[in-house]
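Assemble chain A onto chain C, guided by the hints.
2 protein chains.
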Amino acid sequence: MLYIVGLGLGDEKDITLRGLEAVQSSSKLYVEAYTSLLSFGLSSDGLSRLEKLYGKPVTVADREMVEERADEILSEASESNVSFLVVGDPFGATTHTDLVVRAKQLGLEVKVIHNASVMNAIGVCGLQLYRYGETVSIPFFTETWRPDSFYEKIKRNRELGLHTLCLLDIRVKEPSLESLCRGRKCYEPPKYMTVHIAINQLLEVEALRKGSAYCEKSKCVGIARLGNEDQLIASGSMTDLLNVDFGAPLHCLVIVGETHPVEEEMLEFYKVK
Amino acid sequence: MLYIVGLGLGDEKDITLRGLEAVQSSSKLYVEAYTSLLSFGLSSDGLSRLEKLYGKPVTVADREMVEERADEILSEASESNVSFLVVGDPFGATTHTDLVVRAKQLGLEVKVIHNASVMNAIGVCGLQLYRYGETVSIPFFTETWRPDSFYEKIKRNRELGLHTLCLLDIRVKEPSLESLCRGRKCYEPPKYMTVHIAINQLLEVEALRKGSAYCEKSKCVGIARLGNEDQLIASGSMTDLLNVDFGAPLHCLVIVGETHPVEEEMLEFYKVK
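Heads up: the protein sequence lines correspond to chains C and A, in order.
The numbering of the first sequence is the UniProt record's numbering, which starts it at 1 and goes up by one.
The numbering of the second sequence is the UniProt record's numbering, which starts it at 1 and goes up by one.
A pair counts as met if it fits within one copy or between any two copies, since identical chains are not told apart.
In silico BS3-like links for lysine-lysine, alpha-carbon gap of 30 Å or less:
(1) K219 to K104
(2) K271 to K191
(3) K219 to K111
(4) K13 to K111
(5) K271 to K111
(6) K104 to K273
(7) K13 to K28
(8) K104 to K271
(9) K273 to K111
(10) K104 to K217
(11) K155 to K271
(12) K111 to K52
(13) K219 to K155
(14) K155 to K210
(15) K56 to K13
(16) K219 to K153
(17) K210 to K271
Honestly, the hints are just simulated from the structure, not real lab data.
The shape of chain C in the complex, shown without the other chains (with noise of 0.2 Å):
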């Protein structure tokens, strides 16, 4: 059996019982570390408090191991219990998917123990998840290459009257160019969108695309560590929220649409003052 179990936005008390269980039930543990950060830091004591609570030992799956080791995780499910555990909801991310179809062609049984994710816990900030357009990303601009794909996508939400989710970029285990060139594999530090460099490069988009968008003064939320004991929920214009100091990562913006009365009253709490 392989499980996916989802581990919330937290730490490590926000798995489920029944994510426990299966837990509990495995002979083997695998936590994946690339498509978000572990916010309970599985890159200094997360790991160990991971072990600690589980009582066995976990091993980290980064990006390349789930796509060249696949075969191997899957043919130890085929024999005894396998936990593949992934930060916020098992279906945030794509790679899941791809496991869970190799999985279901080799006949396996999955079960999916689901858990908050981005996509709903944002609801926290008071507007209300129904009145979300499509959800967009927006990636780190380089040099060379900005692209801005998210632009119309933003601009249909609003003039529908809808709030944009924005998640933004994270970039873990990026061989570095340098390396590439060397031909061997360095990896750049984590790099983690901030609200500011979002905000910014909207800004950037819209001075170049003119399609009255959104403006700096258009309303949106910044949050910081989503779910988590010290989240940081502000919201105010683009302006204001780039004299916010968010702290340190995740961060995701929300750009708002038409409100609510009950919308507004939430929003009223985290204004920028």
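Just chain A, lined up with the frame of chain C:
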């Protein structure tokens, strides 16, 4: 302290460790019973299963009670810890936002403990969450009340190639028309919209509006008891799904937009033969 604790979608075991800690620290527990059926059966033994797990009594707070006795709940929370338990994630429904707004206005500390909801768990059907447009609600049609504002939204989503999550109507504790006329409250038995009813209503609206938003051949995914042990997922045309017995509630429906190959592969597993 007021905790708003998400219970997730399956049964009592879907609470998180963090949620269970909040419950254990609370002197008073309420569980909402109106925004969705506890699929784990609050109506029969679900409540006693919750009480057994928590080791303390749980008060069922229906819509009326939350609206009428919010002051009382908030006053208790100002003196000790109170947990308000919610099926799915706390911010799936507006009513919890109301309660949070009132608590914050009183200066009460509010902590939200997230969990899975239909808005992210729907990812299990294989369609990528960021490829969904605006979510729609399909209400029960009556002889005289046939609101179809969902139609334009679905049409727009489909024109953009996006998937549409259709939340299907739930009627619990509705006063019967007869009882209202007699001036005392009697309640209709609970009613949950099935995938079949939803599809029939959708096709009826398309026949009237003739906007080619969708047709009998449009690809859909029907899901029953999402996140439960016995969840059922079936993909196929609207006509195909009319031949599937989805069984007990809750049901929901996805109208499929443009698909990527990985999405196609997943839908294939759930295809009606």
